[in-house]
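Q: Here are the chains, one letter per residue:
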Amino acid sequence: MNWKSKPVGCAIAHRILCGWARLVRNSAPYLIAAMAVADDFKAANALFDAGKFAEAVAAYEKIEPKTAHVFFNLGNAHYRAGQVGRAVLNYERARLIAPGDPDILANLKFAEEKLGVAEVNVSPKLVVRFFRSLAGARTTAQWTRYEIIGVWATMLLIAAAVWRPRWRSGLVILAVMAGIGLVTATAMVIYRNAARPVAVVVVPKVEARFAPLADATVHFQLGEGTKVAIREDRGQWVFVERADEQQGWVRAEELERVAKP
Amino acid sequence: MRFFWVIALVLLTPQVFAEVSVSATVDQARVSFGESISLTISINGTQSGGQPAIPKIEGLNFAGPAVNTSVSIVNGAMSQSVSLVYQVTPTRTGEFMIPALDVNVAGKIFKTNPIRLTVDKPGAQTDMSQSLFAKVRLNSQQVYLGQTAPLDVIVFARANLPVRGLSSFNSEAEGLGYKYSGNVKQGTQSINGEAFNVYVVEGAISPTRAGELKFGPCVLKVQLATQVRNRSIFDEMMGRIEVREVPVTLDVVPIEVLPLPAEGRPADFAGAVGEWSLSVDAKPVEVAVGDPITVTVRIAGNGNIDTVPAIQLKGLENFKTYDPTSKTTKNELGTTGERVFQQVLVAKDTKATQLPDVRLSYFDPVAKTYKTTGQAPIELKIKPGGQAAVLTGSERVRPAEKLGQDIVYLKGDRGPVASVPPPIWPWNVVPVLALAGAIAWKRRQERLTGDVAYARRSRAARNARQILAGATTPEQVQRVLQEYLGDRLNLPAAGMTASVVEEHRLPGKVREIFEVCDAARFAGARADVNGLKQQLEQVIDELEK
Chain A
1 MNWKSKPVGC
11 AIAHRILCGW
21 ARLVRNSAPY
31 LIAAMAVADD
41 FKAANALFDA
51 GKFAEAVAAY
61 EKIEPKTAHV
71 FFNLGNAHYR
81 AGQVGRAVLN
91 YERARLIAPG
101 DPDILANLKF
111 AEEKLGVAEV
121 NVSPKLVVRF
131 FRSLAGARTT
141 AQWTRYEIIG
151 VWATMLLIAA
161 AVWRPRWRSG
171 LVILAVMAGI
181 GLVTATAMVI
191 YRNAARPVAV
201 VVVPKVEARF
211 APLADATVHF
221 QLGEGTKVAI
231 REDRGQWVFV
241 ERADEQQGWV
251 RAEELERVAK
261 P
Chain B
1001 MRFFWVIALV
1011 LLTPQVFAEV
1021 SVSATVDQAR
1031 VSFGESISLT
1041 ISINGTQSGG
1051 QPAIPKIEGL
1061 NFAGPAVNTS
1071 VSIVNGAMSQ
1081 SVSLVYQVTP
1091 TRTGEFMIPA
1101 LDVNVAGKIF
1111 KTNPIRLTVD
1121 KPGAQTDMSQ
1131 SLFAKVRLNS
1141 QQVYLGQTAP
1151 LDVIVFARAN
1161 LPVRGLSSFN
1171 SEAEGLGYKY
1181 SGNVKQGTQS
1191 INGEAFNVYV
1201 VEGAISPTRA
1211 GELKFGPCVL
1221 KVQLATQVRN
1231 RSIFDEMMGR
1241 IEVREVPVTL
1251 DVVPIEVLPL
1261 PAEGRPADFA
1271 GAVGEWSLSV
1281 DAKPVEVAVG
1291 DPITVTVRIA
1301 GNGNIDTVPA
1311 IQLKGLENFK
1321 TYDPTSKTTK
1331 NELGTTGERV
1341 FQQVLVAKDT
1351 KATQLPDVRL
1361 SYFDPVAKTY
1371 KTTGQAPIEL
1381 KIKPGGQAAV
1391 LTGSERVRPA
1401 EKLGQDIVYL
1411 KGDRGPVASV
1421 PPPIWPWNVV
1431 PVLALAGAIA
1441 WKRRQERLTG
1451 DVAYARRSRA
1461 ARNARQILAG
1471 ATTPEQVQRV
1481 LQEYLGDRLN
1491 LPAAGMTASV
1501 VEEHRLPGKV
1511 REIFEVCDAA
1521 RFAGARADVN
1531 GLKQQLEQVI
1541 DELEK
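The listed protein sequences correspond, in order, to chains A and B.
Using the working numbering, the letters of the first sequence map in sequence onto residues 1 to 261.
Using the working numbering, the letters of the second sequence map in sequence onto residues 1001 to 1545.
Excised from the complex, chain B in its bound form:
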């Protein structure tokens, strides 16, 4: 029962609290006369929206709607929507306006956005730049030296354009340290009620000098699919397409790179730019004199991690120190990162009561000011050093020994030559054929054992020929014929007479052999035994074909 209520709550909660939104889009806002347009009214957050009343617009015919509903659950959150798709067919050329439509959702009226349509004469050239263009997305055109700022190049393609992808991207960004991701993200966006496919080349700039710099011009090559026409019958059958590349240019975007301000700069500022957080950890904090303490300083945040300097712990007079190590990780574009410093300290005596505070001064380009982050000193409990003497070898601190590294020395013998792969096809075909043959043979053996008719028919000719070779009288020849026919037809051999010829549609020679043999046996007529044997051989050959 409790399970039922949980399920009901999960299913009903989104419906009660889901936010309903209504929008209208067309797949293309400019078409040639004779083409149709799809008008889609999307109602998000519910599946119970009513159909809007479509006003009569002179020059436009509306058909539909086709209703599509969808429900999806992502990470436990349910979303649902309903789409009403109308087919809009112009009956004349000109400019049209589909006004805002009223959509009734659970008694509440939602209005769609009005949409402007243009219907050109057939064959009129359409402006490609209206269908395929690119823009730069940059948070601010002012960036600071050392800052890493996201800079995305977005390609907009009208929804009806058969875009296959971006083939190349050529940009000029001298001094900006521009990097971009090879993975192009895709999505859709509505511009003035018209649906566009969006391709985002995510990137980032990290200027290396101050001044008025320029991003661009850029040229992106967009692959458009076009149907192959009148090439061959195979092309038409297969519906083959060819891909052509259309260049999309992007104008120059001026970017002002500002030097880091001098005022307010902390004395210990060492060039870190970004939004950073710092944490310090020491393990263990209760040790004996001579025991190692590992101090970990972790700096993470948004910005160019390479600008963060190495952290130097100060005030360590009471500690023996070892060289720190650092590990840096960052995302592909270098917009976020983390740097972890680790240093091993060994307390010389019990005077070492705390680790010094750690601070990092950095410039925050968003707040446009210098900031300092840090962590208060960490208290330590150092026991007297007598214990170090009783520690086992594995626990005793030994200064890190620096081992030399080099390549492995020469090989003294020539070693084996490269082996040649064995011929793969014969080695593969043989076992497959052998298995197939063995299984076929086994099946035959099983059939011979279990199927008497098959077994008799299979052996009929061989047995008959063996016995026939030793036959010397017409009677023996007739007996062979009876045995052969009995085996072949799975009938008693004694019942095989001349009458079976018509009954089983046997060759006429069978009747002749029976008649000659009967005449020899019962009437004493002379018979050529060898001739009978030859005739019977012919009969067997004919029947076994």
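Isolated chain A (complex conformation):
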């Protein structure tokens, strides 16, 4: 290449090369950190394969940031270590990040059935069940993107209907459909953001009482792996609601929140 005859091309090539160099230099720490995390993940898997489940649990716990797969493997390690309630907890955490992963759903169902809480964790009301399953089918980020797509699609279709009167009837129908999608996605975003925090019972048996007192009358019992919604948190005691809407006070240390505060 004749550099002197192509001064503009040389400048562009020089800039591209410099940009790549800067990108590699700035990304290097992150790439190194990612590789280190990948090594930690493989090391934890190796501990699991060696049957050292308690050590595997500790190794998975150290990995940050935790992905759906880290929570999934952590749940498996807890399951093998005999802590099935904590396995349910971590499968739930994995499901929050990757709600459509069939492996996560399969293990969660299996662990719940093993503990005998699969039916307890599901609301007896069909409408509530439908709404929760719909909201839980996607992450909050995904529902938010759908909501934004719904807004843009609705606005564009309305604009098209205004500018193209000949196609108005068809465009209005499409706009209404996009609007329904928008309303659904908005409702899901609001529901997920307003939903009460969920916790899982991680000890073999928990007694829910009528009052936050050790000698208060026991209202009902919660088995390990039972999911509850936290309605009120008073430090040592939390007021929880089971899927069948039974409510009671339980000790905070007997539960663990699905989404870490």
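Just to be clear, a hint being listed does not mean it is correct.
Computed list of lysine-lysine pairs in DSSO-like fashion (alpha-carbon distance at most 30 Å, straight line) [stated by the list, open to error]: (1) A/K125 x B/K1327; (2) A/K109 x B/K1179; (3) A/K114 x B/K1348; (4) A/K125 x B/K1330.
Because the hints were derived from the structure by calculation, they are not lab data.
In this text the structure is predicted, and so the values were computed from the model without any measurement.
We have chain A already, so just place chain B on it with the hints.
A: Chain B in isolation, oriented as in the chain A frame:
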């Protein structure tokens, strides 16, 4: 025509056969002097009841009645009623008796129940226990071990009490296996002619040990609404209320739990308690040797379904059997239930001519005796087994393979991290604002096209400034002024002279510009063109404000 007669029959039939009943209630039987009482005479089954003659009662004034009629059709059955509401105002304190009133309905006299009223002095304390109390509803205080008996707790609240609901329910029922429904049912009931709101906590007991047991004491907390007084002007404007909880206690109810009697106990009794019915079904009943037959045993009825044991089919030597499955369903309180057993049998040879009879022995706590229910043997037609060899793969019986189950193995890669939701407000606001702006722009374009006056007025200043920049003589300046005013007022530019100033209330500078320009044009007077241009700019600015 036929349709008309059907409609007429539907409408008239209930009126002919409806049973008429008359009752009288008051919203409160005890009031303070100065308060009024509502006396309601309800005539159910008709809408044509006559007003009763109210006797003169010394100390009570009757006003009204207000007449309310209602008709409802539920599942094709029509019900109708009329209510006569009297406002009763005491004129003194004391005890009163509203006697039985005669109500004439279609020539027949119905009598209401007499009602006793008490009027206290103002400020006298009323006994809350008379207005708000609870009772236990139990069919019998003797129940059998294993029996599931309904036990309802009913809260009675005087109709005028502003009850918002029940907040908590705390009961002691050791050994009784007490369960209650979270859904409180509501209704109304008349007690001694006084209307009460009724809140029923439906429940059931299923004792786990025999002996003298106790239900209670129980404490229910009832939420009563009270008006917020003297808190703030907003509270008064909004009519805010506050809710206070009033405890209602329920005394101990003794319950005797009896063991199941030994006498009359069938040899095959296995603990089932309740009222059960049993049915057996086999499909198909005509098969070849080697074909599967599904036997379904269904047990349903009232009682604790958990006490019903698994049904074991006996006398199946001529069948190959597979493990039975069972499915149990019951209502929330466990007072009714159904258990379905299914078992697959395969005939080994043609000797299998019938399925054995199935029997269930149980204790009926209502009849207080043991009973046995069952179904006679089911006849089968088993064809020789040669056919099994020609059956296709899907029809051939294969022993149920028991597959192992376990959790899914580890994930090999870290997978994606949790994604962060995009900022929702900017992404939502931008398209809405863009659409609003685009529609506004489109409307303006349409107006510019279709509305000449608007189009001229919109362009007047811009055009005038463009031409004015190149003006070098007073004549050109005047021309710009005429064009500008013509566009602005949607008039011909040639007709714009100094006379339009008063006519259209224009600034005085317009007249000055016209006069200077005319003097320069027609009288040869000297004129400062730049000064004229500045003046015209000022005029345009002033008019465009």
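Q: Taking the numbered hints from earlier one at a time, note which ones the structure violates and give those numbers from smallest to largest.
A: Those not satisfied come down to hint 3.
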